[in-house]
Each structure stands twice: as C-alpha cells, then as structure tokens.
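Enquirer: Residue numbers (this note's numbering), protein chains in the order written: chain V, 1 to 178; chain L, 1 to 121.
None of these hints come from the bench; they were simulated from the model.
In this text, all values refer to a predicted model and were calculated from it rather than measured experimentally.
Careful: at least some of the hints might be erroneous.
Stated by the list, open to error - Simulated restraints on C-beta separations:
1. Thr91(V) / Ser53(L): 27 to 35 Å
2. Pro174(V) / Val57(L): 51 to 59 Å
3. Asn97(L) / Gln87(V): 54 to 62 Å
To be verified - Beyond 12 Å from chain L on every Cβ pair, some chain V residues (computed):
4. Arg6
5. Leu34
6. Leu149
Even for Gly, the Cβ is constructed at its ideal location relative to N, Cα and C.
For reference, the chains in residue letters:
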Amino acid sequence: MKDLDRLRTLIKEPVELVLNQQIKMEMVSSSKYLAMAGWCDRNGYDHSAGFFYKQSEEERKHAMKLFHYLCDQGATAYSPDVPPVGQEFDTLRSVFESALDQEIAVTDSINRIIGVCRREGDYATEELMKWYVKEQVEEEYIARRCLELIDQIPADQVYYLDKKLASVTYDENPFEDE
Amino acid sequence: MESNVPVSYQEVFSTDKGVVYQCDRTNRLILSFWGSTTPLSARDFAQFRRMVSTVNVHQMALSTDTADDVEILTIPRSERCYVLTLCEVIHLRELLNGASLMLELNSMLRECGCATLSTLG
Ligand SMILES: [Fe+2]
Ligand SMILES: [Fe+2]
Chain V
1 MKDLDRLRTL
11 IKEPVELVLN
21 QQIKMEMVSS
31 SKYLAMAGWC
41 DRNGYDHSAG
51 FFYKQSEEER
61 KHAMKLFHYL
71 CDQGATAYSP
81 DVPPVGQEFD
91 TLRSVFESAL
101 DQEIAVTDSI
111 NRIIGVCRRE
121 GDYATEELMK
131 WYVKEQVEEE
141 YIARRCLELI
151 DQIPADQVYY
161 LDKKLASVTY
171 DENPFEDE
Chain L
1 MESNVPVSYQ
11 EVFSTDKGVV
21 YQCDRTNRLI
31 LSFWGSTTPL
41 SARDFAQFRR
51 MVSTVNVHQM
61 ALSTDTADDV
71 EILTIPRSER
81 CYVLTLCEVI
91 HLRELLNGAS
101 LMLELNSMLR
111 ECGCATLSTL
121 G
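So that you can see chain L by itself, here it is in the shape it has in the complex (with noise of 0.2 Å):
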C-alpha cells in the first residue's frame, strides 16, 4: 500500500486499513481504504467524514432486511462511491476521525504560533 507514495504526500494518520495523507502542493487531503486512492479538497472531506459519521450502524447490526447489509457512500465531487459493511463503515470512521483529529491538532499548533506538525518530524 504504501510502495508508490508521491514525495508531496505527508501521512496525516492511517490505521491497519487505510491511510489519509496531505499534499501540500495540490492542497489536496488523499483517502486511501480499500485499495482505491481520492483526493478530496479539505471541504469535501469534511463533508464526507460527516457523511461517514451520521451511517446508522446499529440499524445495519440489527435490522435482517438486506438493504441494510450495506451502505453505499457517495464521495462528493467524485465518481466514486463505497459499498461498505458494517465493520467497514466502522473502519472508515475510525480512520477519518483520526486524521480529522490529527488535522485538527496541526491548526492548534499553528493558532498559537508553535511549529506545525510536519515540521516536528
């Protein structure tokens, strides 16, 4: 997964299944899960994390009706959508959420005029 990264992406956070990074020469957040790579303005990922954040999963663990196996997730601005189980869904929301906190950090950082995070190392 990890063999081809462009230089100009910076990890912002990624778990056993997937990794967020940021280009800073696009300014461009790049979504990686599940073998296919996107890249997402910092709106859209916002929006799509939202999007990520209010699936109904404890509908999708108890309901028996087969539309509920999967949710299908459509990434703004893009021809792309994710047909997800459960499990996935809850993958995908702990990798956004991590890197949503990891963004949110480096504006911390930034606020009150320490380095930001990639120049920590």
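Next comes chain V alone, as it looks inside the complex (with noise of 0.2 Å):
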C-alpha cells in the first residue's frame, strides 16, 4: 500500500502542528517588538526604538522562513492569529526585560521542536531549525548586554545609553560561519 501521506510532504503531522505554532510565537514576538519600539519612540528612546522596529521586522523574517519551508514541502501553513500584546511599559529597563523573556521562551520552544523532530526522525526540519538554535544564541546575548549596559552606564547620561543600546552586536558568536 502507498504511504499517501509521504508522496504529500516530508514533514509529519506532529512537526507540521509545531512549526505553525513557532510561525504564531515568532509573529507574537513581531508584535511585541513593535509595541517596544512604539514605546521606546514616544518616550524619546530613539535609538532604542529604532532596534526594536528592526528586531520586529527580523522576528517576522522568521515566521516567514518556516512558512514557505512549509508550503514549499507540500504541508499546511496556517496565517496565525495574533493576540493582543501590552503596549506599555514601567521603564526602559522593563522593556528590555521583556525582551530577553521572550527570547528566552523562543529559545526554549525551538528546543522543542527538535526534540519533536529527532522524535519523529526527521532530520531536514532539525538541520532547519538549527539556524533557529544559532540565531537565538544571538538574540540571548543582545538582550543580556543591554540589560548590563543599562545598569553600568549612570542614569543621567540618557542620550549615551540609547545610542549605546542599539549599537549592542554580537560579532563573536561562535556559531556563526563567518
């Protein structure tokens, strides 16, 4: 008997169910981003508000990523509902707060889904999601060193930690190829 399912796609029924559900966490983090950015913007954090629109724009290149990974391996991608997210926050410490929160929750979920791929034996979506491991490693150690520069630099010099705040890279990732 043919394996219908397998002519289909690749990618089984329990990666499929996860990877829409990162699609939803990754636009969820789009809009929490944008909500910072928003935030940061009308607080006179320009800077930082400039980071963080750039970070929402990045948080949906990753949704995206595994949608056309989806469609193009013949499986259903679903356009996610998105809730509402808080639009306000206590101080600029608060909202990079919340930011390495949700990286660190993403970080946890790509976790999963490789748990759930090397469950289901299917390596292409694990090798995928590897770049997922790498850029989360990344995004962890931005959130961290901006939550340090805001604690060493002195709170008067307000203008030199928002432009110290966006210039925060991390060039020494030693995950990445180049």
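Taking the hints as your guide, dock the two standalone chains into a single complex.
Expert: Structural data, given as structure tokens:
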C-alpha cells in the first residue's frame, strides 16, 4: 500500500503542528517588539526604538522562513491569529527585560521542536531548526548585554545609554560561519 | 456494504459502522460511512479527522439546546456534509482514528524498510 502522506510531504503531522505554533510565536514576538519600538519612540529613546523596529521585522522574517518551508514541502502553513500584546512599560529597563523573557521563551520552544524532529526522525527540519538555535544564542546575548549596559551606565546619561543600547551586536558568535 | 468494492480499493480499517479504503490508483482514501462513499486526498482526510476529533461531544451530551443535538460536518472540498448525532460522531471518530493508526503503521513499516501493509496480505 502506498504511503500517501509521505508522497504529499516529507513533514509529518506532529512536526507540521509545532512549526505552525512556532510561526505564531515569531509573529507574536514581532508584535511585541513593535509595541516596544512604539513605547521607546514616544518616550524619546529614538535609538532603542530603531533597534526594536528592526527586531520586529526580523521576527516576521523568522516566521516567514518557516511558512515558506511548510508550503514548499507540501505541508500546510496557517496564517496565525496574533493576540493583543502589552503596549505600556514602566521603564526602559523593563522593556529590555521583556525582550529577554521573550527570547528565552523562543529558545525553549525551538529546543522542544528539535526534540519533536528527533522523535519523528525528521532530520531535514532539524537541520533548518539549527539556524534558529544559532539565531537565539545571538538574540539572548544581545538582550542580556543591553540589560548590563543599563546597569553600568549612570542614570543621568540617558542619550548616551540609548545610543549604546542600539549599537549592541554579537560579533564573536561562535556559531556564526563568517 | 462490501459488495461493489472496486478491485483497486484496499481496506485500511473498518468498524461495524463503516470502512476506510485506500485506492493506490487514484491516491485517494475512501470514506464509507452511513451509506455514503467519499474519496478524499490524504490531506483532506487528515483535516476531516481533526474536525471530527475536535467536536465538543461533552457539550452535545450535556446541552438541552436542540442545536446541540446534532453536529454538521462538511467534508473538505466536497459538496457533502454529515449531520451526526452524538453516537454517530463517536462512531466516526473511532473509524477515522483507527484508519489513521493503520496509515501510520504503514508509514512506519516503509520507513524501516519493511514490507508495507498490502504486501503483508
Ligand atoms: Fe525569532
Ligand atoms: Fe528573536
């Protein structure tokens, strides 16, 4: 008897399900970062706002990468419902704390997906998820480094802090090829 | 029920309420339930199974509202729909889940390089 599901796609149902959940999570991240960008913008943190606008775009790209993968491989990708996100924050520090929380939640989720891939013997999707693993190492690093800077730079040097925060990168990421 | 089954149909799973066949000639799964026979693609079959498994049977059982006496289920990409009572939803669920398990078993056999279901007889 033919394996009809396998003829249609290399992606199994449990993997399709968790990838669709991840698409949603990335789109929620995108929405959260946009809210953070808006808060920074209206509170005068222009550089941090720019940083979060860019992050918001990045998260959408992360979602789209999975969306295209599912579609290209014959599986079904669903455009997710994105629930409302918080628009207000107490301080600049709390914005970056939320960013770190979100990135940690995403890292955990990526790790769980790899667990599902291994259980299902889906090495192709696991390979794709490795890109996300490396990406998360970088994103967590940046969020943590920003929180460090907030603690290190004196509170009255707001403009300098804002500029510094937006310039944080992870140049030494050991997982990056180049 | 079993009399006019085309030769290309292989039985995947059956209960006393219905049968699921697979036709390797057309790459379709055929759902035979309540006197109607519907060919479905593997994707639509999986979607229909999900629809059936997410019917809120507790609400159907407990509600006194007549609207909850039956569940209307539209088969994907088909004109047909089922109007089912609580018992029938359960029977359909049993049939679809059983078939899905057999299909999964078939996949597992293929994956480990064994003979697939039909060649086992
Ligand atoms: Fe992301
Ligand atoms: Fe991220």
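Enquirer: Take the hints in turn and mark each one as holding or not.
Expert: Do the hints match the structure? See the list:
Range check, Thr91(V) to Ser53(L): Cβ separation about 47 Å, and the 27 to 35 Å hint is violated. Remark: the range hint 51 to 59 Å for Pro174(V) to Val57(L) is upheld by a beta-carbon distance near 52 Å. The given range of 54 to 62 Å is broken by Asn97(L) and Gln87(V), whose C-beta atoms sit roughly 44 Å from each other. A beta-carbon of chain L comes within 12 Å of the beta-carbon of Arg6(V); the shortest separation is about 6 Å.
The non-interface label for Leu34(V) is consistent with chain L: the shortest C-beta to C-beta separation is roughly 32 Å, beyond 12 Å. No Cβ of chain L comes within 12 Å of the Cβ of Leu149(V); the nearest lies about 48 Å off, and the non-interface call holds.
When each numbered hint is compared with the structure, violations occur for hints 1, 3 and 4.
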